[in-house]
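In the order they appear, the protein sequences are chains A, B, C, D and E.
Quick note on numbering: this note's numbering labels position 53 of the first sequence as 53, and the sequence is numbered without any gaps.
Quick note on numbering: this note's numbering labels position 97 of the second sequence as 451, and the sequence is numbered without any gaps.
Quick note on numbering: this note's numbering labels position 117 of the third sequence as 825, and the sequence is numbered without any gaps.
Quick note on numbering: this note's numbering labels position 166 of the fourth sequence as 1228, and the sequence is numbered without any gaps.
Quick note on numbering: this note's numbering labels position 26 of the fifth sequence as 1442, and the sequence is numbered without any gaps.
Hints in this document: simulated from the structure, not taken from any laboratory.
Treat the hints loosely; a few may be bogus.
Said to hold, decoys possible - Below 25 Å or equal to it, Euclidean Cα-Cα: the simulated BS3-like pairs (lysine-lysine) are:
id, chain 1, residue 1, chain 2, residue 2
1, D, Lys-1357, C, Lys-1059
2, E, Lys-1642, D, Lys-1288
3, E, Lys-1621, D, Lys-1413
4, D, Lys-1288, A, Lys-212
5, A, Lys-194, B, Lys-399
To be verified - Ranges between beta-carbon positions, derived for each pair:
id, chain 1, residue 1, chain 2, residue 2, range
6, A, Thr-40, B, Arg-570, 53 to 63 Å
7, E, His-1667, A, Glu-233, 32 to 42 Å
8, D, Asp-1271, E, Gly-1623, 44 to 54 Å
9, D, Asp-1271, C, Asp-901, 36 to 46 Å
10, C, Val-1043, D, Cys-1404, 42 to 52 Å
Beta carbons are placed, not taken as given, at the ideal position from N, Cα and C, and that holds for glycine.
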Amino acid sequence: MRKLVRSQSKKEGLAPGSAVFVGIKRAKAVETHVIDFDETQIIEKQLRSIEECLEYKDRPTVTWINVIGLHESKMIQALAEGFGLHPLVQSDILNTTQRPKFDDYGDYHYANLKMVQWDHEKNESISEQVSLVLGPNYVLSFQERPGDVFEPIRNRLRTDKGRIRTMKSDYLVYCLMDAIVDGYFTILEHLGDKIEEIELAVVDKPGPDTLKDIHRIKREGLLLRKGIWPFREVISGLDRSESELLSKATHLYLRDVYDHTVQVIDTMETFRDLLAGMLDTYLSSLSNRMNEVMKVLTIIATIFIPLTFIAGVYGMNFKNIPEVQWQGGYVFALVIMAIIACGMLYFFRRKKWL
Amino acid sequence: MRKLVRSQSKKEGLAPGSAVFVGIKRAKAVETHVIDFDETQIIEKQLRSIEECLEYKDRPTVTWINVIGLHESKMIQALAEGFGLHPLVQSDILNTTQRPKFDDYGDYHYANLKMVQWDHEKNESISEQVSLVLGPNYVLSFQERPGDVFEPIRNRLRTDKGRIRTMKSDYLVYCLMDAIVDGYFTILEHLGDKIEEIELAVVDKPGPDTLKDIHRIKREGLLLRKGIWPFREVISGLDRSESELLSKATHLYLRDVYDHTVQVIDTMETFRDLLAGMLDTYLSSLSNRMNEVMKVLTIIATIFIPLTFIAGVYGMNFKNIPEVQWQGGYVFALVIMAIIACGMLYFFRRKKWL
Amino acid sequence: MRKLVRSQSKKEGLAPGSAVFVGIKRAKAVETHVIDFDETQIIEKQLRSIEECLEYKDRPTVTWINVIGLHESKMIQALAEGFGLHPLVQSDILNTTQRPKFDDYGDYHYANLKMVQWDHEKNESISEQVSLVLGPNYVLSFQERPGDVFEPIRNRLRTDKGRIRTMKSDYLVYCLMDAIVDGYFTILEHLGDKIEEIELAVVDKPGPDTLKDIHRIKREGLLLRKGIWPFREVISGLDRSESELLSKATHLYLRDVYDHTVQVIDTMETFRDLLAGMLDTYLSSLSNRMNEVMKVLTIIATIFIPLTFIAGVYGMNFKNIPEVQWQGGYVFALVIMAIIACGMLYFFRRKKWL
Amino acid sequence: MRKLVRSQSKKEGLAPGSAVFVGIKRAKAVETHVIDFDETQIIEKQLRSIEECLEYKDRPTVTWINVIGLHESKMIQALAEGFGLHPLVQSDILNTTQRPKFDDYGDYHYANLKMVQWDHEKNESISEQVSLVLGPNYVLSFQERPGDVFEPIRNRLRTDKGRIRTMKSDYLVYCLMDAIVDGYFTILEHLGDKIEEIELAVVDKPGPDTLKDIHRIKREGLLLRKGIWPFREVISGLDRSESELLSKATHLYLRDVYDHTVQVIDTMETFRDLLAGMLDTYLSSLSNRMNEVMKVLTIIATIFIPLTFIAGVYGMNFKNIPEVQWQGGYVFALVIMAIIACGMLYFFRRKKWL
Amino acid sequence: MRKLVRSQSKKEGLAPGSAVFVGIKRAKAVETHVIDFDETQIIEKQLRSIEECLEYKDRPTVTWINVIGLHESKMIQALAEGFGLHPLVQSDILNTTQRPKFDDYGDYHYANLKMVQWDHEKNESISEQVSLVLGPNYVLSFQERPGDVFEPIRNRLRTDKGRIRTMKSDYLVYCLMDAIVDGYFTILEHLGDKIEEIELAVVDKPGPDTLKDIHRIKREGLLLRKGIWPFREVISGLDRSESELLSKATHLYLRDVYDHTVQVIDTMETFRDLLAGMLDTYLSSLSNRMNEVMKVLTIIATIFIPLTFIAGVYGMNFKNIPEVQWQGGYVFALVIMAIIACGMLYFFRRKKWL
C-alpha cells in the first residue's frame, strides 16, 4: 500500500527552501526529453547536458522539456537556474511531498500536480508529483519516474493532429493538465467497478474480506482526494492570473479542465458516501446473521432443555417414584414431553421467530 | 442498477476537447425533430439532413431543433458547425458523462443538464444528459434516447396555450429547464413513497430486505444529487449572464426554476437525513430483537440448568446416597427443584427481565 | 404522520407557472375576511365576492384581506389579478408545496412561509403554507385551512393596543411574520419537553418505544427545518430590499424577527445533536443490558455444566466404577462438585464479573 | 439538569416586542447597584427608585448601573425609558430566552450575552442572560440573579488598580465582556477535568455510569455552545460598528476578547470530538467485554457438552450395551472423554481463543 | 498524556490583559540568549540582565533575543517594556494557554504559535507556546522550556550558510516559523507510522490495545489541530499586513510556509478520516469474531442437545420401556442419534455456516 506520509527528514536542519531532493531514489539516470515545434516543423531529442537545454530557451518555437527522474538534484538546479527560476521553485520541484499548488512568478508560472496512474499489478493507484513551468515559449515538466500520461500528447505533436501545433506554450500546458485530470477518470472507473463489486458482496455474502476491501478503497479515495482537491485551486489560480502568458482562448480551455476536476471531486464524494453506506450495510448484515444464528440456538436449546430435565427426573434412582412404577409411565412421560415441545413451538411461532 | 461511472476510455489519447461520442450506443438512427413557430403559425417536421436544419438558423421565427440520439457524432458535429458552435461545445454535447454546466459563448449559451425519468419497470430512476443551446431565435436540444419530459411543451406549442407562442427562444429554454426540474419532483414523490414504506417496515418487521431497500434509495439519492446540485449553478449562471439573449421577464421565470431546484435539493437532503436515521433505527431494532431472544434463552437455560443438575445428582449410582433411600426422597427433590425455579423467577422479575 | 412530499402531479404537463391549486382539497367554501383600519376606525367584514375585495385596493386606510382556503383557484386568481399580481405569484399562492421564498415585484412584495401549529390530538405539528402580499396600503394573506396564529393580531387591531393601528401595512406584515415565528417557539417547547422525557427514558428503561419516539421527533425536526431555514432568507430578503414599502422603523423590527428565526434554527440544531446523542446512548444502553444478560447466562451455565457432567459420569451403568462402590463415594462426588463451583466463582470474581 | 427550552408562552398573543418578563420569577426584590467614578473619586450606592438612577445619566463621570433581578418589569421599563431605550431593547432585556445579539442604536449600543458560572453543588454550569447597554458615559447591565462574575471588576474599581478608572464607559463594557468570557474558561476547565476522568474510565472499567456521564457532558457542551457561538458575533459586531462610543484603544482590547471567544469555541469543538470518540470507545469496550464473556461460555460449553452426552449414553438402561459389561469399560469411557476434551482445547488454541 | 485544558485560574479576578504567567513553573532560571549579526560578523551571548538586552534594540544589525522560560514574569515584563511592547502583548507572552494569533501593532508585529516536538520517551508529542515579536531590526522569541526546533537556524547563522545572514529580521522570523511548521511534519511522520501499524493490527488481530491506540492517536491529532489551524491565520495575517517590516521577497517565502501549513492540515484531516474508518473496521472485526464464536457454540450445542436428550430418555428408570428390552435397542438408539447429528450437519451446511 502507498505510504501515508513520505519522510522529509532529509530536509530537517537545512535552510528553508533548500533545493534538496525529497523522494525515493531510483537507479536509473535522469532523462531529459525535448520536443521543439512550431506549425511547420518538429524536433524531438534526448538530451544529457544542461547547455543543450538552455539553447532552446529563447527560440521562437515552442519547446517542451520533460525531465524524468529528480534524484540528480544538481543537474535539476542547474537547469532551473539556466531558465532563471526562483530558488523556491527549485526547492518545490525537488520536494515531491508537496501539496499541489500554483505560483505566479511574473515571467513564468509554476504549478505542481499529482499525476495518478493505475498499477494493474498491485491493483492500486500510484501517484507521483509533476511540476510544470510555463514560460513565454517553453514548458518544463518534471516527473519522478518514466511512464506518464503524456504519450498521447506526444503522438498528437508528432502526427500534427488537432490544434496543438498551431498554438503556443499555454495550450501545451493545458493539454498536459487535461491529460493528468483524465488520469483521475481512469482511476475513478477502476474504483467504481470495485465499489460495485463490494456492493453486491456486502448484502449477499459479507465476510472479513469485504471489510478489508471497503477499508482499502476508502484509503485509496482519501489519498486521491489529497491530490485532486488542491488541483482545483491550481487551475483556478492559473485561470485567474491575469498573465500575458495565457491567451484568451486558453482561458476557455482551462475552464473546461476546471469543470472536469470538479466532476472528479463530485464523483469521489459520491464514492465516499457510498462506501460509508456500505460499511453500515455490512455491519447490519453481520447483525442480521448473528440474529439468525442466535435464534436457531435459542429455539433448539429452549425446546430440549426442559425435555432433558424431565428425562433426568425419571432417571433418578429414588426408591419410590410413583410414575416409574406405573404401567404406562413411559408413555406418560413421552406425552408430557411432546406437549411441552409443542407449547414451545407455538410460543416461538407467536413471537414470529419461526 | 445504474452504473456509478460511465467509461470514458474511448476518449483516452485523443486531443482534449475532441468531439467523440461517449455513451451507450443505440441501434436506432438519430432523429431530428424541428418545431418552428411564431405567434401566428407553427411548422413541425422530422428531418434527416443537416442542410434542412441550417436553413432555420436565420429565420425570424423561433426554431426548436431536438436531436434524439448522439451516436452519429459526425452528423452532430456537422449540425453544430453549421450553427457555429465552438469545438468545446461539440465535445460537451457528445460526452454524456459530463457534470451539468453552463457556458456563455456570447452569441449563444450552452447548458448541459441531467434529465431524469422514472422507469416503472425497473422501479428506479433513469437519467440521461440533455444539452441545450440557446441562440437568438433558435434552441437546439440534444438527448440520448427517445422519450423525454418535453411532450407537454410540444402540446402547448401545438395547441397555442399559454404564453409560449408569443415569447422568444429564451422563454422556450426556460420551459425546457422547468420541465426537467419537474421531472425531479416526480422522482422525489416516488422516493418519498418508498421511504414512508421503509419507515413503517423498519420498526415493525425489520428484515434483510429493509436493509437492501435503504441502501438502494440511498444510492438512488446520491446519483440524483450529482445531477441536481450543479443544476442550481447552471440556472444561476444563466440568470447572472448579462446577455441580450435573455429578456427581463425571463429572468423572473428563471428565478422561479431556481427556487424549484433549491426545493428539490432541500427535499433530497431531508431524505438523506431520514434514511440515515432509518438505518440507525434498523440497527437498534435488530439489537432489540436480539436482546429479546437472548433473554428468553437465558431465562429458560438458567432455570433448567440447576434443576437438571439436581436430577443428575440423584441419578448417580452410588451405593449409599441417603436421600435415595428416604421414603419421601422423590418429593423432597421435587420440592427443592421448585424452590430453585421460583427463586430464579423472582430474581428475573426483580431484574425486570420478565 | 405528515406526508414527506405532497404530490404535485396535477401540475405535470401544464405550462410552468400555471395557477393550479396543488394541495389537499377541503369541503368548506373559501372564506375571505377583511379588516380595514386606520388610527381612528376599524371595519371587519366577511366577504364572498371578489368585487367587494377590490374596492379596498386604493383606499388610504390599511386593508388586510385574509383568504382561508385555496381550493377555488378561479376565485383566487380573480382576486390576484384584481390586485395586479404577476402570474408567477398566482401560481405560487396556489401551489402549497413551495419552499418559503421572497420575491420583490417592485410595487408589491410576495412572501411565502410555512405556518406551524401544534395538533394536540395527534401530538405532532401541523404545517401549512401562508402567502403574504405586501402592497402600499394593503396586505393579502392566503392560508389553506381555518385556524391560524394570527388571532392575537386581530385582537390587537380590534382593541387598538400597541403600535399596530398607527402604523402602515409593512408593520402589519411584520406582525404576521412575528406571529408565525412565535408559532415555531411553541412547537420547540413541545419538542423540548418530549426530548427531556426521552432523555430520562433512554438511560433508565430503554425500550422499543423509546426508539420510535426518537425517530418521530427526529422526523418532526427535519420537516420543521425545511420550513424555518428558508424563513431566514425570506426575512433577510425583505430586509435587504430597498423598497419604499418598508419604513426605516420596520427594518429594525424585521431584524428582530430575523434574530428570532436564527434562535429557532439554533435550538433546532441543538435538538438534532441531542437526539443523535440519545440514539447513541440508547444503543449503548441496549448493549449494556445485553452484556448483563449474557453474564448471568454465562455464570449459571459455566458453573453447572461441569457439575452436571460429573453427575452424568457417576450415573453411568458400568459394572466396575470404583468410586460408586466406595462407602463415602457420594460425599466424595459432592465435595468435588463444591470445589469446582467455588473455583468457578473465584474465577468470575477475579474477572470482575460478579 | 438545565431546561432545554424556557417557556415563552407568557408572551403569546401579545404585540411583538412587548416588554414582558420571560424567565423564572424569584422572590427577592430587584436590586439596583450603582458605581459612579472618574479618575479621582468613586461613589457606590444601592438604589431603589428610578429617579435616583436617571440623575446619573448626564453626569460627566462614568456610571455603571447594575440591575439584579428582572421580574419587576415595570421598574425595568421605567428605567429603560428614562435612558431613552427603544421598545425593542426593553423587550430584549426582559425576555431572558434571547439568543445573544448586538444591536447598534446610534446613541447607545445594546448587547445581550449568556453569563455562565459553575454550580459546585449540582456539579453543572448555570447560565443566565446579561444585557449590556453602552451609552456615552454610562453602562447599564441587567442580570437575572444575584451572584455574577463581575466582582473582580468592582474590586478593581474600588481599589483603583489598572487602567479601568482612567478609561471611559467603552472600556468598562469591555471589562464586563472579558469577565463573562473568562467565566467560560472556568467552565471549560471543569468540563476538561471531567472528560479526562471519563477517558480513563471508558477504557478501564466502562459501566452504565460512564455512559450517563458522557451524555451529560455532551448536553452541557451543547447548551454552552448555544451561548458562546453568537458571543463571537456580538463582539465582532461591536468591533465593526464605527461608533464614536468606542475609542481606538478599545478596539484593540475587543479583538483580544474576540480571540478568547474563538479559543473557547475551539476548545469546545475539541471536547465535542473527544466525547464522540469516547462514546465509540465505550461501545467498543462493551463489545470487547461481551466477546470475552462469550468466549468463556463457548469454551466451557463446547468442551463439556460432548462429554456429558457420552456420560448420558452409558447411563442408558439398555440390556445389552457391550461396553458396560467390559472390565475396563469405565476407564475406556474416561479415556475417550479426555481425548475429546484435549481435541477441543487444541482446536481453541489454534483459533487463538485461549 | 497532555492535559486538555491548562488552568488559567491564577488570572481570575485580575484586570483583563494583566501580565501574569499562566503555565507550569519550572525550577530552572530564565535564560536569555542573544544572537546579533549582519553580513560580516556575528555575536552570540548568554545574558542575565535586561539592560544588556535593551542596548541591542537600536543597533543596525539584526538581533535575535531568545528568552527560554517564562516563569519570572517581572523580568519578561521589563524586557517587553524596554522594547515598548503593548500591555496586551506582555500578557499574551506570559499566558501560555493562548490560541495562536497574530497582531499588528504598527511598529512591531506579535505572533503566537504552538511549537511541537516529539517526546521519544513518552512516545507522544509535546507542545509549547512560542511568542515571536518582529521589530525593525530585532526579533524576540519567548519559549517555555529549553530545547527547541531552532538549532538548525542557529547553526546556519553561525556557519553563514544560505541567505539568512544577508537578510533582515523579517526573513529570520520566516525561518523560525518555517522551523516550527517543519516540526509538525516530524510529528505527522510519527503519527503516520503509528497509523499504519494500527491499520495492520485492526484487521489481523484486533484487541483492546488497538482501541487504546486509536483513541490515543485521535486525541493527539485533536490537540495538534488546535495548534495548527490558527497557524494558518497567523501566517496569512502576517502576509496580508501591509507593513513596511516585511520586504516583498519575504512575502513570497511566507506564502511557501502557508502552503506547508495547509499541507499539514490536509494530512491531519486525512489521518482523521483514516482513524474514523479504522474504528469502524475495528468494530466490524469484533463483530466478525463474535459471529464466529457464536457459530461454533451454536453448532456444538444444537448437535449435542437433542442427542443428550435421547440418552436421557433411555436413562429413565421406567419399568416398561420397550426399546430397553430389545436385543438391538442400544444399536437402535445409536443409529437414531447418528441420523439426527447428520441431519443437523446437513442443515448447517445448507445455511452455509460450515
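Quick rundown of the hints versus the structure:
In summary, the hint linking Lys-1357/D to Lys-1059/C is supported, as the alpha carbons are separated by about 13 Å, within the 25 Å threshold. For the proposed pair Lys-1642/E and Lys-1288/D, the alpha carbon gap of about 21 Å is at most 25 Å, so the pair holds. Among the hinted pairs, Lys-1621/E with Lys-1413/D is consistent with the structure: their alpha-carbon atoms are about 12 Å apart, no more than 25 Å. Of the supplied pair hints, the one linking Lys-1288/D and Lys-212/A is violated, its CA atoms being roughly 41 Å apart against a limit of 25 Å.
The suggested pairing of Lys-194/A with Lys-399/B is violated, with an alpha-carbon distance near 46 Å, which exceeds 25 Å. Thr-40/A and Arg-570/B have their C-beta atoms about 59 Å apart, which keeps the hinted 53 to 63 Å range intact. Separation of His-1667/E from Glu-233/A is about 19 Å and departs from the stated range, judged on CB atoms against 32 to 42 Å. Taken as a hint, the range 44 to 54 Å is violated for the pair Asp-1271/D and Gly-1623/E, whose Cβ atoms sit roughly 25 Å apart.
A hinted range of 36 to 46 Å is violated for the C-beta pair Asp-1271/D and Asp-901/C, which are about 26 Å apart. For Val-1043/C and Cys-1404/D, the Cβ-Cβ distance of about 26 Å falls outside the hinted range of 42 to 52 Å, so the restraint is violated.
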